[in-house]
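Listed in order, the protein sequences are those of chains A and B. Under the working numbering, the letters of the first sequence match residues 312 to 540, in that order. Under the working numbering, the letters of the second sequence match residues 312 to 540, in that order.
Hints are not guaranteed to be accurate.
It does not matter which identical chain is meant; a pair holds if it fits inside one copy or across any two.
Stated by the list, open to error - Each computed EDC-like pair below joins lysine to aspartate or glutamate, with the alpha-carbon atoms no more than 16 Å apart:
no.	residue 1	residue 2
1	K432	D490
2	K475	D441
3	K456	E409
4	K475	D533
5	K457	E335
6	K457	D428
7	K475	D399
8	K456	E335
If you're looking for bench data, these hints aren't it; they were derived computationally from the structure. Note that the structure is predicted; figures quoted are calculated from it, not measured.
Protein chains: 2
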Amino acid sequence: VSQLTQTARTTFGRHRERGGHDRELLHAILDAGTICHFGIVMDGAPMVVPTVYGRDGDTVYLHGSVASRSLMAAGGGIDICMTVSLVDGLVLARSVFEHSVNYRSAMVYGRSRLVSDAAEKLIALRAVTDHVCPGQWDYARRPSKKELAATTVIALPLLEASSKVRDSGPGDSDGPDRDLPIWAGVLPIRTLFGTPIDDPAAARPIDTPAHVSGLVGLATEDRRAPLQR
Amino acid sequence: VSQLTQTARTTFGRHRERGGHDRELLHAILDAGTICHFGIVMDGAPMVVPTVYGRDGDTVYLHGSVASRSLMAAGGGIDICMTVSLVDGLVLARSVFEHSVNYRSAMVYGRSRLVSDAAEKLIALRAVTDHVCPGQWDYARRPSKKELAATTVIALPLLEASSKVRDSGPGDSDGPDRDLPIWAGVLPIRTLFGTPIDDPAAARPIDTPAHVSGLVGLATEDRRAPLQR
């Protein structure tokens with residue numbers, strides 16, 4: 312198992328049994344998510360922005376108009392924390408105190424880099440596009456030079472990162488509360504693709520491509536499965 | 312419509328047509344989410360942490376062990392940005408450039424306050440518990456004095472905040488790309504509750520309570536619906 316460098320801020324305080332630093336788990340969580348929340352410091356205060364992202368090997372690419380503004384203002388890299396969280400279920404215990412959430416989350420820290428090279432920008436946009444909808448890069452019209460120039464992309468290396476997973480039942484199943492006449496268990500949560508809605512402004516009817524129709528009813532985290540069949 | 316105070320950082324740069332400052336929209340987005348991502352500044356760098364939250368009127372309460380550590384270190388309030396995002400669908404355009412995501416998001420800025428008063432802590436924990444699973448506060452065993460003391464809760468006033476919504480089709484439906492033989496549209500995404508899993512360690516079988524079984528198959532954002540019937 313390939314291990315990530317461990318630093319003070321990726322060392323776990325509470326619930327260290329839930330934490331990990333292996334690269335495979337990190338990649339799996341990043342690949343399973345749809346959006347991330349990235350944090351930057353703006354005028355001394357934190358700012359947390361949701362955006363799409365993609366992964367190419369050990370680099371994460373973010374669509375980053377907000378971050379890129381401060382990045383350009385700083386004239387170089389800025390500190391970023393990028394977090395991806397998947398909620399897998401509500402953990403309903405007998406006591407309010409033991410309530411929890413089953414989740415998988417990944418936190419990536421690092422200095423961001425504005426991607427300016429056209430070739431890397433294409434790699435980045437392919438990663439983002441195919442992360443969100445696998446197969447879409449080969450299907451849609453690729454960016455023109457002008458569009459490429461108008462798109463801001465930020466790169467973040469997967470160097471300093473940690474993953475955290477909770478995947479178990481209520482925490483009061485072995486204490487005195489176990490005998491209370493209160494139901495306890497896990498209420499799963501799943502995020503699924505629905506049925507595609509054709510653009511009502513389309514010039515003529517066009518069949519939904521297979522890489523899109525293959526997603527219907529699938530969990531968003533399994534979106535790569537149809538291509539792997 | 313009650314308007315929130317508008318500041319530089321809650322004034323929209325890009326896509327201002329998607330932004331809003333009314334309190335009703337803010338409340339609706341906050342009430343529809345399950346977790347938030349809050350950002351704090353730790354040793355000068357941003358840190359983004361997922362956690363559960365709840366709303367009581369114009370105050371948001373967060374479970375905040377990480378934030379509370381730095382809050383206590385700072386000996387008072389710290390700057391927080393709390394973001395809640397709901398992904399409603401992938402917007403698949405003809406051109407990669409016009410790809411987007413339909414979403415609802417809320418960003419709340421402010422100085423946090425550590426909740427130490429026991430009565431307010433109970434209000435906060437009720438808000439968080441019933442936010443995640445409505446009806447659960449009246450069903451589960453309430454926190455003891457010791458448990459209450461061991462729980463860290465952070466309050467954030469809903470004063471400086473903005474909401475953003477994208478809910479439309481592909482952006483290239485009226486340009487030259489409209490005639491390309493490429494399907495375009497929206498692939499909806501929904502987050503649903505599954506079937507409850509009994510705690511296998513339970514001492515004896517207990518029926519799933521109605522406020523939990525009523526959630527099965529429901530979108531998480533509609534979790535208040537069964538109680539409102």
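Checklist entry - Of the hints stated earlier, which fail here? => result The structure conflicts with hints 1, 2, 4, 5 and 8, although it agrees with all the remaining ones.
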